[in-house]
Structure formats: structure tokens, C-alpha cells
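Go ahead and model the full structure; you've got the sequences and the hints to work with.
In UniProt numbering, the protein residues as written are 1 to 180.
Don't read these hints as lab results, they were simulated from the structure.
Any given hint could be a false lead.
Below, computed lysine to aspartate or glutamate pairings styled on EDC-like, alpha-carbon distance capped at 16 Å [what the hints assert, rightly or not]:
hint, residue 1, residue 2
1, Lys22, Asp34
2, Lys22, Glu163
3, Lys128, Asp148
Please read these numbers as outputs of a predicted model, since none were measured by experiment.
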Amino acid sequence: MNPAPNLVLVGPMGAGKTSIGKRLAARLGLAFVDCDHRLEEVTGAPVPLIFECEGEAGFRARETALIAELMRGHGQLVATGGGAVLAEDNRRRLRERGFVVHLQVSVSQQIERLARDRSRPLLAFGDKRARLESLAVERGPIYDAVADLAFDADGLTVPIAAERLGALLEQRWQRSEVAA
1 MNPAPNLVLV
11 GPMGAGKTSI
21 GKRLAARLGL
31 AFVDCDHRLE
41 EVTGAPVPLI
51 FECEGEAGFR
61 ARETALIAEL
71 MRGHGQLVAT
81 GGGAVLAEDN
91 RRRLRERGFV
101 VHLQVSVSQQ
111 IERLARDRSR
121 PLLAFGDKRA
131 RLESLAVERG
141 PIYDAVADLA
151 FDADGLTVPI
161 AAERLGALLE
171 QRWQRSEVAA
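Laid out in C-alpha cells, this is it:
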């Protein structure tokens, strides 16, 4: 058991962090927070516009500030953006105040899930498959390093994934008010 006050989902875009996270939060009685959606609420601007105006570096700075704020709380399921783990400060905060689950998914599954999604700045141009494969090589080891648990969501429906992950968490995660 790894006691932590929050549950955190990390993984690539299209892994199901938001859709699985919402169901899982309801099942576990946690407040659901999607980092990208919260950032849009706070700034009043959609993520693609933040990328356009401030670049990826500006977006990442805002994301880091938001994660610092969120990780001070408890009783939350936090669905991070795919690149949130790139900053060491974020990884440290997520590990200190969260039980971190790496939602794993194949690039083929990502392509299928993201086929109609036009809101991903990192996929706006070029070959999506090549970009997703490149991101997987870059970020996969980081997701693994920060995670307390890896969960393969490839090919699972949202209800089944949430049910299976919920059962695993009942065995592996102990909710606490203070991180141990």
C-alpha cells in the first residue's frame, strides 16, 4: 500500500485519463479534476489558444502552477495532461501527494480514440502516428518512473477499465489525509 491523499492518472493523450477518471472518481467518492479543463476555466482560454499565444513553454508553466495548487488538496482524482510529467517539480508533487496510475495504451488505440479530436496542439500538424510514437518513446519511461501502478487500458471500454482499475486500487491504494 502506498498511502496518499489523492489519486492521479498519468499517460498519453487518448489513454482515457478523463473518461475513465470520471467513472473511477464517482466509484471511489473522489472529486474529479481534469488539469486541462481546469486550466481552461482559470484562464478563460482553450488549451490550443494558450499554446498559440504562449507556446508550449507558457502552457507548461501554467500547468505546473496548477498542479502545485491541486496537489495541496486531498480527496481528488486528478487527470493530468499527457506532458505534465515532463517537469521534475510536477513529478515530485505527484509522487508526494498522490497515488499515481499510469494508464497505458497503444499508439493504434490512441489514433482510434483521437481520430475526430481537433483540440490537441501537439497533433495539429504532420503525421499523427509518427508524433504519437515519438511521444511514447520520450514520455513512456517517465510515466513508468513516476507511477505507483501501471494499468493497461488498451482495448477496454471505459466502464470495464474503470471497474478493473477500481478493483486494483482497492488492493493497492490507501487513501490518507497526509502523504506518508
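Going down the list of hints, with the structure as the test:
{"no.": "1", "hint": "Lys22 with Asp34", "result": "9 Å, holds"}
{"no.": "2", "hint": "Lys22 with Glu163", "result": "12 Å, holds"}
{"no.": "3", "hint": "Lys128 with Asp148", "result": "29 Å, violated"}
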